[in-house]
Amino acid sequence: MMPRTSDFTATLLRTFAVQGSWNYRTMIGGGIAYALLPLLQRIHAGDPVALREAIERHSSAFNAHPYLSPLAIGAFARVEHDGRDPETIERFRAALRGPLGALGDQAVWAGWRPFCTLSAVVAFCMGLDARVAALAFVLVYNAAHVGLRVWGLRMGWTHGLDVGPILKGSPLKAIGAGLVPINAALIGAVVVLLSLRTPGFGPSPVLGGAIAVVSLGAFFLPARAGTLAILTLFASVGVWLLS
Amino acid sequence: MTGFELSTGSWILVTALGALLGLDAISWPQAMISRPIVAATVGGALFGAPGGGFLAGAWLELVVGRHPPFGAARYPETGPASLIAGAAFALSDTRSLLPLVAAVLAGWTIGWVGMHAIATLRAFNARLIGDPGATRGDGSEIARRHRLGIRLDALRAGILTGALFVPAVLAVRWLETWGTDPGPRAVSAALAVFGLAALGGVAARVLAGKGRAWPALVAGGLVGLLLAWWSP
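Protein sequences, first through last, are from chains A and B. In this text, residue positions in the first sequence follow the numbering used here: the first is 1, and each later residue adds one. In this text, residue positions in the second sequence follow the numbering used here: the first is 1, and each later residue adds one.
If you're looking for bench data, these hints aren't it; they were derived computationally from the structure. We put the CB at the ideal spot given by N, CA and C, even for glycine. Where hints are given, some of them may not hold.
[What the hints assert, rightly or not] Listed next, the stretches of chain B that the computed footprint assigns to chain A, with coverage defined by at least 3 CB atoms under 8 Å from CB atoms of chain A:
{"hint": "1", "region": "7 to 16"}
{"hint": "2", "region": "19 to 32"}
{"hint": "3", "region": "62 to 75"}
{"hint": "4", "region": "79 to 90"}
{"hint": "5", "region": "101 to 108"}
{"hint": "6", "region": "125 to 138"}
{"hint": "7", "region": "195 to 204"}
[As the list claims (entries may be wrong)] What the simulated footprint calls covered on chain A by chain B, stretch by stretch (three residues with Cβ under 8 Å from a Cβ of chain B suffice, anywhere in the stretch; the number is not a length):
{"hint": "8", "region": "43 to 53"}
{"hint": "9", "region": "70 to 77"}
Chain A extracted, bound-state conformation:
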């Protein structure tokens, strides 16, 4: 049976909780089945055996970036509706796992989220009220977040098995790559601005330059430099206590 608009709405809302039962065995498998349920119950209405088999299929191990999971969910609903055989659906699930994770990580976690966060910090350092900066971050960030979920569910349902080329042709990869240098520049600005805005400091060019040099040096050091930097913060407290 063809799902109704209310089924898609219910599924979309459930995708916001897709990681609610995240675990090391099935990852978001349980969440995918949970979000798919309104659509599966409509598609397999009157056929409890088919419904149960579909729930079993879709609760097995799966992982994707949470914001792109609606794309997978829409596509899974479509292939169930089209009556594809279980082997095809299994192969399709396996094929979608990798790209949805990597693309989302690059575009959202390494791209959009740091961009919005760092922009808000720069705005705060330039004098914007803290509450306004935080609220602006939430609103701007989530405009893209919610839009991505709606787009994903629609694309997944529309294209079903053929959703791969849609994903490949989407601007997500380009957005992620384009934000890489911008985010690096924003981090450079934030480190200097934040340090000079810290209680007890002023806009000293010498200190600002030294901060920029340390930041650049840490950029080229091995990964464990991060641990050293945390220890430096602890040492800061320790030296204070000794005074």
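Position chain B against the provided structure of chain A, taking the given hints into account.
Just chain B, lined up with the frame of chain A:
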């Protein structure tokens, strides 16, 4: 002076907010209200200093920036940790550098405690959802178990916040009473900002990849210098 007044109502409010912010990062709805700049601002605003909370949150953003949540990576939980850090800094007497660094480090520590609690919950979820009985029937059983996972995550974050909020605030206020000698205080301040700068450099490399983005990092630093000099 390390004491401060906290009504039961305020403690319950902080605990409830901690539960909500802890839920946001992973389980529901991932709107990123759990990010440090938001959660710490909320924590600061609760005690009359949203700007102080934001500042603590901005520091925490750089501290946790080297742990992006790629794949199934483990990273410090930011919601309850930032709420507590922002509140602890707001509740300090002087809101100077030491309480700021202490609040940020308290947040970082609580973040890792939160991550270990999440890992424990995830192991429980594996049994909850991985059990063959979860998929029986019309789907109501897997929906029930999934919702239970979400409720347990909120409970976990609430317990973490409720248990660690007061100790963190007291620790920051106690540390604040130390240190009057200007020499070591200057060394301490330098260590703090250079540590922060190093964390920024590491975060830039983690997000951008080694070797590709250093010119942008330098350019950003120069723009930051100009902005700091130019703005009031």
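How the hints compare with the structure:
| no. | hint | result |
| --- | --- | --- |
| 1 | 7 to 16 | violated (count 0) |
| 2 | 19 to 32 | holds (count 7) |
| 3 | 62 to 75 | holds (count 9) |
| 4 | 79 to 90 | violated (count 0) |
| 5 | 101 to 108 | holds (count 5) |
| 6 | 125 to 138 | holds (count 10) |
| 7 | 195 to 204 | holds (count 10) |
| 8 | 43 to 53 | holds (count 3) |
| 9 | 70 to 77 | violated (count 0) |
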